[in-house]
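Q: The primary structure of each chain is shown beneath.
2 protein chains.
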Amino acid sequence: MEHRDKSSKLPHSTNKSAIDRFRKLQQKEISISDIFEGIITQNTAALSKGITLVESTQQKHSAKTQELIEKCLPHANKSIRIGITGVPGVGKSTFIEALGNVLIEKGKKVAVLAVDPSSTISGGSILGDKTRMESLVRSKEAFIRPSPSGNSLGGVAQKTRESIILCEAAGYDVIIIETVGVGQSETAVHSMVDFFLLLKLAGAGDELQGIKRGIIEMADAIVINKADGDNVKRAREAKNQFKKALHLYPIGENAWTPQVLTCSALTKNGIEEVWELVLNYLEISASNGYFEKNRTEQNKFWLLQTIEEQLKSSFYNHPEIKKALSDQLDAIQKHQITPFTAAKYLLDKHKNS
Amino acid sequence: MEHRDKSSKLPHSTNKSAIDRFRKLQQKEISISDIFEGIITQNTAALSKGITLVESTQQKHSAKTQELIEKCLPHANKSIRIGITGVPGVGKSTFIEALGNVLIEKGKKVAVLAVDPSSTISGGSILGDKTRMESLVRSKEAFIRPSPSGNSLGGVAQKTRESIILCEAAGYDVIIIETVGVGQSETAVHSMVDFFLLLKLAGAGDELQGIKRGIIEMADAIVINKADGDNVKRAREAKNQFKKALHLYPIGENAWTPQVLTCSALTKNGIEEVWELVLNYLEISASNGYFEKNRTEQNKFWLLQTIEEQLKSSFYNHPEIKKALSDQLDAIQKHQITPFTAAKYLLDKHKNS
Chain A
1 MEHRDKSSKL
11 PHSTNKSAID
21 RFRKLQQKEI
31 SISDIFEGII
41 TQNTAALSKG
51 ITLVESTQQK
61 HSAKTQELIE
71 KCLPHANKSI
81 RIGITGVPGV
91 GKSTFIEALG
101 NVLIEKGKKV
111 AVLAVDPSST
121 ISGGSILGDK
131 TRMESLVRSK
141 EAFIRPSPSG
151 NSLGGVAQKT
161 RESIILCEAA
171 GYDVIIIETV
181 GVGQSETAVH
191 SMVDFFLLLK
201 LAGAGDELQG
211 IKRGIIEMAD
221 AIVINKADGD
231 NVKRAREAKN
241 QFKKALHLYP
251 IGENAWTPQV
261 LTCSALTKNG
271 IEEVWELVLN
281 YLEISASNGY
291 FEKNRTEQNK
301 FWLLQTIEEQ
311 LKSSFYNHPE
321 IKKALSDQLD
331 AIQKHQITPF
341 TAAKYLLDKH
351 KNS
Chain B
1 MEHRDKSSKL
11 PHSTNKSAID
21 RFRKLQQKEI
31 SISDIFEGII
41 TQNTAALSKG
51 ITLVESTQQK
61 HSAKTQELIE
71 KCLPHANKSI
81 RIGITGVPGV
91 GKSTFIEALG
101 NVLIEKGKKV
111 AVLAVDPSST
121 ISGGSILGDK
131 TRMESLVRSK
141 EAFIRPSPSG
151 NSLGGVAQKT
161 RESIILCEAA
171 GYDVIIIETV
181 GVGQSETAVH
191 SMVDFFLLLK
201 LAGAGDELQG
211 IKRGIIEMAD
221 AIVINKADGD
231 NVKRAREAKN
241 QFKKALHLYP
251 IGENAWTPQV
261 LTCSALTKNG
271 IEEVWELVLN
281 YLEISASNGY
291 FEKNRTEQNK
301 FWLLQTIEEQ
311 LKSSFYNHPE
321 IKKALSDQLD
331 AIQKHQITPF
341 TAAKYLLDKH
351 KNS
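These protein sequence lines map, in sequence, to chains A and B.
Under my numbering, the first residue of the first sequence carries the number 1, and numbering increases by one thereafter.
Under my numbering, the first residue of the second sequence carries the number 1, and numbering increases by one thereafter.
The hints are simulated quantities; they were obtained by calculation from the structure and are not laboratory data.
Predicted, not measured: the structure shown is a model, and the values here were computed from it.
Errors might be hidden in some of the hints.
All copies of an identical chain are treated as equivalent in the list; a pair is satisfied when it fits inside any one copy or across any two copies.
Unchecked claim - SDA-like cross-link-like pairs, simulated, lysine to any residue; straight-line CA separation at most 25 Å:
no.	residue 1	residue 2
1	Lys349	Gly252
2	Lys344	Gln66
3	Lys349	Leu201
4	Lys233	Ile80
5	Lys233	Leu282
6	Lys351	Glu308
7	Lys344	Thr57
8	Lys71	Gln333
9	Lys108	Glu217
10	Lys108	Val87
11	Lys244	Leu347
12	Lys268	Thr94
13	Lys300	Phe340
14	Lys351	Ser313
15	Lys78	Tyr290
16	Lys344	Gln310
17	Lys334	Ser287
18	Lys244	Pro146
19	Lys322	Val278
20	Lys349	Glu70
21	Lys49	Ala204
22	Lys344	Phe315
23	Lys64	Tyr345
24	Lys334	Thr257
25	Lys351	Gln66
26	Lys243	Glu253
27	Lys71	Glu320
28	Lys243	Thr187
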């Protein structure tokens, strides 16, 4: 009897709660390990479960998510990440399906993710309706996941970025990130991909819109879709116009000259060429070191981005600040105070609270 | 002896320090009051002194500056603020001088300020050389002040915004804010003026640059300068091109359609028309309430802007964070950690320090 271990001498209740804690710990270990093992053995159900965890907004899942991502990290970073944008109606789904099928024929595994912060409100304008990529959905080599929901672009983008890591650990060779051609989503997606592709239509008359919004500046390739039937000639003309527009921009440090292609996602014409262009890009940017450098820069960018969003959010969501900010805004409206004095007052209040 | 006041019972040293404090307080009161009285009685030397105080980076001046600005505030807000931008060589100084002289002939008092964060390095690319506005400098009705120096646009812009208040309290009817056509300075100036004017040259071939950089979107008027001699025809052509470009943009809530004019700052041709355009704008935006609304929105914008800059600066300049951030960036470079985990670590560290 003298050899019983110390824990059994504890009062019953404490002992029980210790056991419960141990069980919970065990369950957690098993659960995350299970998901992780599933992911690296390319089990799609496990990958889905992992992404669901990543997308969870519940505080209690946060530590688990981090654990899972850190386990996956050494297995990640091995894909090519392609961002695809274009206004609604340009044929993004059909294009992604056509490109995805070409890749699968070449023995690649393809994951399609999305960034669309509006999807909560609109009910998912992109990838929500998987039937639009019917043949890709049926393929075992493809994994398609709609945009995570959320009101802030920062939150949605973070979840997609983390999902990329899981998909890479699950052995997907090409990760396609789709986004809608509105707002800041394109900048966010550009900051998480290796190759950024702008999908266009001929004669849409929005050539200047892309310049205005800085999208053309980000594009590694402009692909003019629906170059079929009567449209072929117009697509060729548009190609020349965009080539001219691209000359406005200096060549970046990658030494890559953005290219303009035409294709028809419907007839599959020109899709193969898009992939060849991506491979060409990869070759150049891998050999001159830009590929690695860019990924590291992107990670650093996301670090700072996340910090700054968090600083703002914890300031503005502070209950005392909320009230005080509203008072200061009133005082500004009445010309009683300068914005700089009001800012100082609020910052001091925040520091002392 | 029983009637002596309490303070004289204090030990000599305390009493002396109390007197010193009182004297300093008095000096401070007198000094700020002097400057303030000088400003509202339109004394240029006092205004210069006040702006020097505003521009001071010394911590001890900060409270004084706030006091002065708050005193001036009820006397401010009565001018029209005009932002003027354009690339180097477009003739900003000559244009501002020509416009300033037209205004002075009409009995207006004109202050010219500037925002140029690069001026510390470049030695003041704008307004630094006052000889470029010779006749304006000599006029009693004009006040010209070069850009405050500083490395951060936020800091430079804040100082200029505060100087506007002092100039308005000193009775200047028109405040012209000049900025260079590079970087984010134009956005900052746009956020502190009522009317934003983009100065252009004919045939400079940079029409698309303005669209690309979002400057045309901000402009209430585009004025094509140097429309003289052989250049008149080209200027007229450029005018038509810019008119077309402006059609790309939807009319804002102000119901104002941005206008394109030609002028010659050299021959003074068309300068009067620029001022008429500004008056026309004022009439419309005052009658529909946009003028007031815009100023309030600008103040609110600067409140949030200042808060966010301060939050970032106090985070990144924290000694512990500086070291830790550098370590986390290393870990990111080595793919040992995700940017999100690193951000969480740093934010937790900051919270607990």
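Q: Could you run down the list of hints and mark each one as holding or not?
A: The hints, checked one at a time:
For a Cα distance limit of 25 Å, the shortest separation of Lys349 from Gly252 qualifies neither inside one copy, at 45 Å, nor across copies, at 37 Å. When the C-alpha separation of Lys344 and Gln66 is checked against a cutoff of 25 Å, the pair qualifies only between copies, where the shortest distance is 10 Å, while the shortest distance within a copy is 36 Å. In this assembly of identical chains, the alpha carbons of Lys349 and Leu201 never lie at most 25 Å apart, being 53 Å within a copy and 49 Å across copies at closest. Proximity of Lys233 and Ile80 under a CA criterion of 25 Å is satisfied in neither setting, with 32 Å inside one chain copy and 53 Å between copies.
Proximity of Lys233 to Leu282 under the C-alpha cut-off of 25 Å is found in neither arrangement, the shortest distances being 30 Å within a copy and 49 Å between copies. Both within a single protomer and between protomers do Lys351 and Glu308 lie at most 25 Å apart by alpha-carbon distance, with minima of 17 Å and 14 Å respectively. Taking the closest pair of Cα atoms, Lys344 and Thr57 come within 25 Å of each other only across two copies (15 Å); inside a single copy the shortest separation is 33 Å, beyond that limit. In this assembly of identical chains, the alpha carbons of Lys71 and Gln333 lie at most 25 Å apart only when taken from different copies (17 Å versus 52 Å within one copy).
In this homomeric assembly, Lys108 and Glu217 never come within 25 Å of each other (Cα to Cα): the closest approach is 29 Å inside a single copy and 44 Å across copies. Neither within a single protomer nor between protomers do Lys108 and Val87 lie at most 25 Å apart by alpha-carbon distance, with minima of 27 Å and 50 Å respectively. When the C-alpha separation of Lys244 and Leu347 is checked against a cutoff of 25 Å, the pair qualifies neither within a copy, at 49 Å, nor between copies, at 46 Å. When the C-alpha separation of Lys268 and Thr94 is checked against a cutoff of 25 Å, the pair qualifies only within one copy, where the shortest distance is 10 Å, while the shortest distance between copies is 59 Å.
For the identical chains of this complex, Lys300 and Phe340 are inter-copy neighbours only, at 10 Å across copies versus 31 Å inside a copy, given an alpha-carbon limit of 25 Å. Taking identical chains as interchangeable, the C-alpha atoms of Lys351 and Ser313 lie at most 25 Å apart whether they share a chain (15 Å) or sit on different chains (14 Å). With identical chains, the CA atoms of Lys78 and Tyr290 are at most 25 Å apart within one copy only, with a shortest distance of 15 Å there and 54 Å across copies. Taking the closest pair of Cα atoms, Lys344 and Gln310 come within 25 Å of each other both inside a single copy (20 Å) and across two copies (9 Å).
Taking the shortest alpha-carbon separations for Lys334 and Ser287, only the inter-copy value of 19 Å comes in at or below 25 Å, while the best intra-copy value is 60 Å. Proximity of Lys244 to Pro146 under the C-alpha cut-off of 25 Å is found in neither arrangement, the shortest distances being 35 Å within a copy and 40 Å between copies. Taking the shortest Cα distances, Lys322 and Val278 never come within 25 Å of each other, neither inside one copy (48 Å) nor across copies (38 Å). Within a single copy, Lys349 and Glu70 get their C-alpha atoms only as close as 37 Å, which misses the 25 Å cut-off; across copies the closest is 20 Å, which meets it.
Taking the shortest Cα distances, Lys49 and Ala204 never come within 25 Å of each other, neither inside one copy (41 Å) nor across copies (57 Å). For the identical chains of this complex, Lys344 and Phe315 are neighbours both inside a copy (13 Å) and across copies (16 Å), given an alpha-carbon limit of 25 Å. In this homomeric assembly, Lys64 and Tyr345 come within 25 Å of each other (Cα to Cα) only across copies, at 15 Å, whereas the closest approach inside a single copy is 39 Å. When the C-alpha separation of Lys334 and Thr257 is checked against a cutoff of 25 Å, the pair qualifies neither within a copy, at 53 Å, nor between copies, at 29 Å.
In the homo-oligomer, the alpha carbons of Lys351 and Gln66 lie at most 25 Å apart only across protomers (20 Å), although the nearest pairing inside one protomer, at 29 Å, exceeds that limit. In this assembly of identical chains, Lys243 and Glu253 lie within 25 Å of each other by CA distance solely inside one copy; the values are 19 Å within and 35 Å between copies. When the C-alpha separation of Lys71 and Glu320 is checked against a cutoff of 25 Å, the pair qualifies neither within a copy, at 39 Å, nor between copies, at 28 Å. In this assembly of identical chains, the alpha carbons of Lys243 and Thr187 lie at most 25 Å apart only when taken from the same copy (22 Å versus 29 Å across copies).
Hints 1, 3, 4, 5, 9, 10, 11, 18, 19, 21, 24 and 27, counting from the list given before, are not met by this structure.
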